[in-house]
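Given the coordinates of chain A, assemble chain B onto it according to the supplied hints.
2 protein chains.
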Amino acid sequence: MKTENENNINTGMSCPVPIRDYKQILMAHGGGGSLSHQLISELFVKVFDNPALNLQHDGAILDISSTKLAFTTDSYVINPIFFPGGDIGSLAVNGTVNDLSVCGAKPLFISAGFIIEEGFRIEELWKISLSMKQAADDAGVQIVTGDTKVVEKGKGDKIFINTAGIGIIDNDVNISPLNCKPGDVIIINGSIAEHGIAILSKREGFEFESEIVSDCCPLNGLVQNILTISKNIRTMRDATRGGVATVLNEIAMSSNLGIVIEENKIPVKDNVKSGCEILGFDPLYVANEGKVLIIVSTEDAEKVLQVMKNHPYGNDSAIIGNLVEENPGMVVMKTIVGTTRVVDMLSGEQLPRIC
Amino acid sequence: MKTENENNINTGMSCPVPIRDYKQILMAHGGGGSLSHQLISELFVKVFDNPALNLQHDGAILDISSTKLAFTTDSYVINPIFFPGGDIGSLAVNGTVNDLSVCGAKPLFISAGFIIEEGFRIEELWKISLSMKQAADDAGVQIVTGDTKVVEKGKGDKIFINTAGIGIIDNDVNISPLNCKPGDVIIINGSIAEHGIAILSKREGFEFESEIVSDCCPLNGLVQNILTISKNIRTMRDATRGGVATVLNEIAMSSNLGIVIEENKIPVKDNVKSGCEILGFDPLYVANEGKVLIIVSTEDAEKVLQVMKNHPYGNDSAIIGNLVEENPGMVVMKTIVGTTRVVDMLSGEQLPRIC
Numbered sequence: 229m230k231t232e233n234e235n236n237i238n239t240g241m242s243c244p245v246p247i248r249d250y251k252q253i254l255m256a257h258g259g260g261g262s263l264s265h266q267l268i269s270e271l272f273v274k275v276f277d278n279p280a281l282n283l284q285h286d287g288a289i290l291d292i293s294s295t296k297l298a299f300t301t302d303s304y305v306i307n308p309i310f311f312p313g314g315d316i317g318s319l320a321v322n323g324t325v326n327d328l329s330v331c332g333a334k335p336l337f338i339s340a341g342f343i344i345e346e347g348f349r350i351e352e353l354w355k356i357s358l359s360m361k362q363a364a365d366d367a368g369v370q371i372v373t374g375d376t377k378v379v380e381k382g383k384g385d386k387i388f389i390n391t392a393g394i395g396i397i398d399n400d401v402n403i404s405p406l407n408c409k410p411g412d413v414i415i416i417n418g419s420i421a422e423h424g425i426a427i428l429s430k431r432e433g434f435e436f437e438s439e440i441v442s443d444c445c446p447l448n449g450l451v452q453n454i455l456t457i458s459k460n461i462r463t464m465r466d467a468t469r470g471g472v473a474t475v476l477n478e479i480a481m482s483s484n485l486g487i488v489i490e491e492n493k494i495p496v497k498d499n500v501k502s503g504c505e506i507l508g509f510d511p512l513y514v515a516n517e518g519k520v521l522i523i524v525s526t527e528d529a530e531k532v533l534q535v536m537k538n539h540p541y542g543n544d545s546a547i548i549g550n551l552v553e554e555n556p557g558m559v560v561m562k563t564i565v566g567t568t569r570v571v572d573m574l575s576g577e578q579l580p581r582i583c
Numbered sequence: 229m230k231t232e233n234e235n236n237i238n239t240g241m242s243c244p245v246p247i248r249d250y251k252q253i254l255m256a257h258g259g260g261g262s263l264s265h266q267l268i269s270e271l272f273v274k275v276f277d278n279p280a281l282n283l284q285h286d287g288a289i290l291d292i293s294s295t296k297l298a299f300t301t302d303s304y305v306i307n308p309i310f311f312p313g314g315d316i317g318s319l320a321v322n323g324t325v326n327d328l329s330v331c332g333a334k335p336l337f338i339s340a341g342f343i344i345e346e347g348f349r350i351e352e353l354w355k356i357s358l359s360m361k362q363a364a365d366d367a368g369v370q371i372v373t374g375d376t377k378v379v380e381k382g383k384g385d386k387i388f389i390n391t392a393g394i395g396i397i398d399n400d401v402n403i404s405p406l407n408c409k410p411g412d413v414i415i416i417n418g419s420i421a422e423h424g425i426a427i428l429s430k431r432e433g434f435e436f437e438s439e440i441v442s443d444c445c446p447l448n449g450l451v452q453n454i455l456t457i458s459k460n461i462r463t464m465r466d467a468t469r470g471g472v473a474t475v476l477n478e479i480a481m482s483s484n485l486g487i488v489i490e491e492n493k494i495p496v497k498d499n500v501k502s503g504c505e506i507l508g509f510d511p512l513y514v515a516n517e518g519k520v521l522i523i524v525s526t527e528d529a530e531k532v533l534q535v536m537k538n539h540p541y542g543n544d545s546a547i548i549g550n551l552v553e554e555n556p557g558m559v560v561m562k563t564i565v566g567t568t569r570v571v572d573m574l575s576g577e578q579l580p581r582i583c
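Protein sequences appear in the order of chains A and B.
229 is the number of the first residue of the first sequence in our numbering; add one for each residue after it.
229 is the number of the first residue of the second sequence in our numbering; add one for each residue after it.
Just chain A, same shape as in the assembly (with noise of 0.2 angstroms):
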């Protein structure tokens, strides 16, 4: 118990502002791309600092009584709340289903934390819930505990759910950027950049011809069965915010490998693709909440590609790209048209509240 006066934490540490000329939070520091990395790594890795932590994977694995877990937690403040193909509640509990699953867990026990705006309609927050129920019951966990706040008109927006995951993790899976070998093979579960333009569609009122929805789905099945038939699984992520480019980013920078993917090998739907053109995006760069980038061995790609196609989550499967010894840490692009391209970091905003 101190007073305020005595609150003045003295660590040796000086405090990392301006982080690279901010001073203030963007809307970028929490759009998961470059800013977002730099506030982690400058700010809450250097002053959390522990081994779980500094990995900087989607999730903790933590030792506990010789029984691994991963432990796992993210916020969702998507707007709009309902959109087409889920809402927040899916959303909240397959995201920390998916971030465990990318650990190598199966997840079992999700918590959830409210934060709700003054005037929200209970007939909204029971479907929602309801919406959680349907997604917990798919995933197979449970939601074993929560905690609800109100905040005053103004000083919210509609939801916010914060949920937390567990997952026991079995004895020999071991996925790390670290087991990464020169000539392993990426392979994605479909096609990309679903969710990120169903949600601005809905959000700026477009219609496509067909409707976008979003590819919200639970991925622990999908994974369990690869993990299941190939001890070289090397590692898996989960391509939400900052889409593919930017996982792939994150896996050459940690496992200290080149990529190379090929643009062709790409999956992405037609209306999809038209979205991003007339939208001004790439879909590289747009955020999916049900596709996974697994990274396996040469030897043991093929057999896993054809588990993928076998789930439904995974029927659009398919191997776009390897790892190689050379530019480590860099992403390269062979493009359609044969030429090819460093594939960045998103860096600054691309849209804002996705997930």
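Hints in this document: simulated from the structure, not taken from any laboratory.
Please note that the accuracy of each hint is not assured.
Identical chains blur together in the list; that is why a pair holds if it fits in one copy or across any two.
[Said to hold, decoys possible] As a list, the in silico DMTMM-like pairs of lysine to aspartate or glutamate whose alpha-carbon atoms are at most 25 angstroms apart: (1) K355 x D365; (2) K355 x D277; (3) K251 x E432; (4) K562 x E270.
This is chain B only, laid out in the frame that chain A set:
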């Protein structure tokens, strides 16, 4: 992957709206009192329905590979974010540490989910992060995973923080209101109402002769000490939102016993008493962030009290009452003037955004 129109989930449950006349979320639905309880029991528990959640404790008790874990979550939306005795960062860590502690768990790991309003000063985020780190170190826990979201200016309020926590429960620890017996003793670890009055003074610009400082602190050390020396700790609750009165009501209801407390035994500091009088609050309903109510067998009460008094966060510990067979589910107070009165659960809103 469903289109929006397919989102109508049919579970056979009908929307419980209005919940006791209310169709919209009021501030009081987040106040920790009776409206909060109705929202939880008539909406969330109905929908999410599972044994761990249905207990409605501060955290869920989970069995993972025959290890007993506690899992809890809380979002912190306190205003102001810096206050005498702490800030939103130390509060977010201590609050979750305490929720795990009262489950009988040793807190181990914490997640941190930030929802930040665009334009928030990075220097303040740094200060809050340092304070979280300090609180985590003091409590012996690690912040192992996190998430940052940014919302547009005017769609949030500076910063909201969610923390979830995992703790481990020793096999011989069994904390549950169902263990309570008539005659059991109620101990509190010190003087009440300090957090709420500290926040309100700061918010409203009141100045008292001596500054009122929040009691925000980690209770895991004190709780572990008493669990070590007594196997007859029936249940524990930290008295946060809704104050001592609300938590005692919860214990009375869930144990199906009556509670009798004595007003003259409840420690309240003089300046806090004056503050309450001036501001028109009953200290029994004002939030604490470092106070725990311990229910213990008669035989062990004196020994537990001594151990508590020897702990830095328990110097002013006091026995304040007993569980009784009469009036199950009800809390009765013997007042200083010799009368008795029923102490209800907080109804409506008392202090918004106190945590």
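Worksheet entry | Hints not upheld, ascending by number | Violated hints: 3 and 4; rest satisfied.
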